[in-house]
Each structure stands twice: as C-alpha cells, then as structure tokens.
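Number of protein chains: 2
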Amino acid sequence: MEHYLVKLKEGGFKLTPRRQAIVELFVDGKSHLTPEEVWGKLKKQFDRCGLPGVYRNLESLVKCGVLTRIQQFDRKKHYGLCSALHGASHHHHITCIKCGKVDEIKDCAINDTKKIKGYKIVSHFMQVNGVCAGCSKG
Amino acid sequence: MEHYLVKLKEGGFKLTPRRQAIVELFVDGKSHLTPEEVWGKLKKQFDRCGLPGVYRNLESLVKCGVLTRIQQFDRKKHYGLCSALHGASHHHHITCIKCGKVDEIKDCAINDTKKIKGYKIVSHFMQVNGVCAGCSKG
DNA sequence: GTATAAATAGAAATAACTTCTATTTATGGA
DNA sequence: TCCATAAATAGAAGTTATTTCTATTTATAC
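So the protein lines, in turn, are chains A and B. The numbering used here puts the first residue of the first sequence at 2, with every later residue one more than the last. The numbering used here puts the first residue of the second sequence at 2, with every later residue one more than the last.
Treat the hints with caution; some may be incorrect.
For identical chains, the list gives no copy identity; a pair is met inside one copy or between any two copies.
Stated by the list, open to error - No farther apart than 30 Å at their CA atoms in a straight line, the calculated lysine-lysine pairs in the DSBU-like style are these:
no.: 1; residue 1: Lys45; residue 2: Lys138
no.: 2; residue 1: Lys102; residue 2: Lys45
no.: 3; residue 1: Lys102; residue 2: Lys15
no.: 4; residue 1: Lys107; residue 2: Lys121
no.: 5; residue 1: Lys118; residue 2: Lys102
no.: 6; residue 1: Lys99; residue 2: Lys121
no.: 7; residue 1: Lys10; residue 2: Lys64
no.: 8; residue 1: Lys15; residue 2: Lys116
no.: 9; residue 1: Lys118; residue 2: Lys107
no.: 10; residue 1: Lys78; residue 2: Lys42
no.: 11; residue 1: Lys8; residue 2: Lys138
no.: 12; residue 1: Lys44; residue 2: Lys116
no.: 13; residue 1: Lys118; residue 2: Lys45
no.: 14; residue 1: Lys138; residue 2: Lys15
no.: 15; residue 1: Lys138; residue 2: Lys118
no.: 16; residue 1: Lys45; residue 2: Lys121
no.: 17; residue 1: Lys121; residue 2: Lys78
no.: 18; residue 1: Lys107; residue 2: Lys138
no.: 19; residue 1: Lys77; residue 2: Lys102
no.: 20; residue 1: Lys44; residue 2: Lys8
no.: 21; residue 1: Lys116; residue 2: Lys99
I should point out that these hints are in silico values taken from the structure, not numbers from a laboratory.
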C-alpha cells in the first residue's frame with residue numbers, strides 16, 4: 002500500500018483522501034474495476050463524491066504507474082493494479098474471468114527492439130483471460 | 002476479394018452492395034478502419050447510407066470471419082481484414098501506426114490449453130503496434 | 001499560518017454506439 | 001422470370017460512457 006502512495010508522490014500528484022481510498026480499493030479487492038464500479042464503492046465512504054473526479058484520478062494513477070488499463074471488448078474502461086515493484090519491468094496481465102483477479106505474466110515473446118515482418122516495433126499489448134486456481138476449484 | 006464474399010455467404014449472410022463495398026474498402030485500403038471512417042467512404046458511393054447499418058455490417062463481417070476487431074485505447078471500435086485463409090488458424094495482428102496497415106503474426110507463445118500461474122486459459126488477445134517497412138523508408 | 005496550484009463536485013455537454021419502426025431488397029423456389 | 005420470405009436498410013430517437021466547464025475546496029511548500 003505504502004509503495005503505491007510513494008509512486009503517486011513521485012509522479013508529482015497530491016496525496017488526497019480520494020486517491021488513497023481508490024488505491025485501497027484495488028489493493029484490497031485484488032480485481033480490476035471500471036470507473037463506475039470504483040465510484041459505487043467510493044460513494045459509501047464519502048458523502049459527496051463526483052464521477053468525473055474518479056475518471057481523472059484513475060488516469061492519474063495510470064500516469065504514475067500504480068494502475069494499468071485493461072482491455073475488454075465492452076465499451077467501458079477497466080483498470081487493474083500494476084504490481085510490478087520498483088519500476089517498469091516489462092510484464093502483461095492475466096485476468097480471471099470469474100473473480101476479476103489480475104496477475105502478472107513476466108515472460109513475453111515480444112520486445113520492442115525486435116523486428117517482425119519488417120515492422121519496427123513501437124509498442125505492444127497482451128492480455129490473457131482465464132480462470133484462476135481458486136475459481137477452478139469452486 | 003472473392004474469398005471474402007464466399008465467407009459471407011457461408012456465414013448465412015446476404016451479399017448486399019453495402020457489404021461488398023465495405024469488404025472492398027478493407028481489401029483495397031489494407032488498413033484498419035473505424036465505423037465512422039467506413040461510413041465516410043461509403044457515403045461517396047451510396048446516396049443514402051445509414052451509420053447504424055455500417056455498425057451492423059461490420060459486426061456481421063466479424064461473425065463470418067472476414068474482419069477482426071482491433072483494440073486501440075481510444076473509445077472507438079476498430080476493424081481490420083482477417084486475412085487468415087481457409088479458416089481460423091491462430092494468429093494476431095501487427096498494425097502500422099503511420100499508415101494503418103495490418104499484418105499477421107503467426108507465432109504466439111500462448112495457446113489456450115497451456116496453464117499460466119495456475120490459471121486455466123480461456124482466451125487471449127495480443128496486438129503489436131509498429132512502423133512498417135514502407136513507412137520506415139519514407 | 002498562508003499562498004499556491006492542484007483536486008474536487010456537480011451540472012452540462014459530447015461522442016460513440018444501439019434500438020426502433022417502416023420500408024426496401026437479396027435470395028431460393030415455383 | 002416472377003413471388004414470397006426473411007434479412008437488410010435508412011433515418012430518427014435513445015442510451016451510455018466519458019469529458020468539459022465553473023466555482024469551490026484542499027494538500028502542500030514555504
């Protein structure tokens with residue numbers, strides 16, 4: 002938890018109660034959330050609480066490396082905790098389609114210096130969806 | 002071109018002028034397009050032409066395997082030609098960020114029978130963005 | 001404490017996409 | 001070649017997620 006708040010400050014962002022609460026949601030919940038879901042949970046803690054603020058904070062948290070955006074083929078934004086400790090070691094995410102848990106995949110065939118089919122690679126995105134050990138048992 | 006129209010019919014879809022024109026756009030343009038972009042080009046060919054029809058047709062073309070959806074981190078849908086001949090051989094896409102050209106990547110470390118970190122893999126998505134040979138020269 | 005810029009709520013606006021209804025059209029069979 | 005049918009269509013209206021705007025509040029550095 003501490004670690005994430007440090008990242009926020011390092012990114013030049015202020016440490017507000019809203020932001021702390023949002024980070025806590027992700028740390029405790031261990032799942033990925035949409036802005037609306039975050040808002041729903043946040044409203045329980047704060048009397049007055051605006052959805053636009055949630056959107057802005059989620060993007061701020063992405064900018065300073067606390068969260069990562071996750072692609073789903075719906076029209077919503079999805080965010081998950083980016084738990085790569087100590088900076089930007091290259092990794093992707095695997096998401097449990099039952100409970101929403103997000104884990105990391107460290108090994109990845111792509112790296113941005115490699116060339117594929119004559120393309121100079123600029124960036125890449127990978128996401129794996131599956132059922133986690135816990136949910137498989139259930 | 003012919004090949005794609007066959008796929009449409011095989012999928013139980015009618016072969017309408019709209020659909021042929023849409024497929025042609027992708028075949029000729031060799032790039033990925035948003036529904037709005039498709040609509041813009043289509044309006045030049047057809048006097049009356051509705052945007053909802055474009056959305057529906059693009060989804061139909063995905064269903065029969067002619068097009069594939071491509072993820073970008075904007076709020077728009079993106080479609081590209083799915084040029085895997087003769088059925089669903091597993092592949093991903095590499096997109097040129099300059100000209101929008103889409104190519105295929107055949108080798109992929111992930112396959113859906115494998116297990117990662119205890120997860121039973123259900124599906125995965127990969128996209129690579131780069132600059133193609135042609136655009137690198139320019 | 002106080003000045004400052006950043007963060008905030010709430011309202012209003014935007015943009016992308018979807019649904020609905022009536023009309024038109026591709027297609028397979030007579 | 002004509003006809004019946006279900007599918008495809010346009011255009012209008014609706015929906016939903018996200019963004020912008022304005023005035024107010026608040027974290028932080030001094």
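Results for each hint:
no.	hint	in the structure
1	Lys45 / Lys138	neither (32 Å within a copy, 56 Å between copies)
2	Lys102 / Lys45	within (22 Å within a copy, 47 Å between copies)
3	Lys102 / Lys15	within (28 Å within a copy, 42 Å between copies)
4	Lys107 / Lys121	both (22 Å within a copy, 17 Å between copies)
5	Lys118 / Lys102	between (35 Å within a copy, 12 Å between copies)
6	Lys99 / Lys121	between (37 Å within a copy, 11 Å between copies)
7	Lys10 / Lys64	within (12 Å within a copy, 47 Å between copies)
8	Lys15 / Lys116	neither (40 Å within a copy, 41 Å between copies)
9	Lys118 / Lys107	both (24 Å within a copy, 11 Å between copies)
10	Lys78 / Lys42	both (16 Å within a copy, 29 Å between copies)
11	Lys8 / Lys138	neither (36 Å within a copy, 40 Å between copies)
12	Lys44 / Lys116	neither (48 Å within a copy, 38 Å between copies)
13	Lys118 / Lys45	neither (52 Å within a copy, 34 Å between copies)
14	Lys138 / Lys15	neither (42 Å within a copy, 44 Å between copies)
15	Lys138 / Lys118	between (42 Å within a copy, 14 Å between copies)
16	Lys45 / Lys121	neither (48 Å within a copy, 35 Å between copies)
17	Lys121 / Lys78	both (28 Å within a copy, 24 Å between copies)
18	Lys107 / Lys138	within (25 Å within a copy, 33 Å between copies)
19	Lys77 / Lys102	both (18 Å within a copy, 26 Å between copies)
20	Lys44 / Lys8	within (25 Å within a copy, 49 Å between copies)
21	Lys116 / Lys99	between (36 Å within a copy, 16 Å between copies)
Hint check: violations occur at hints 1, 8, 11, 12, 13, 14 and 16; the rest are consistent with the structure.
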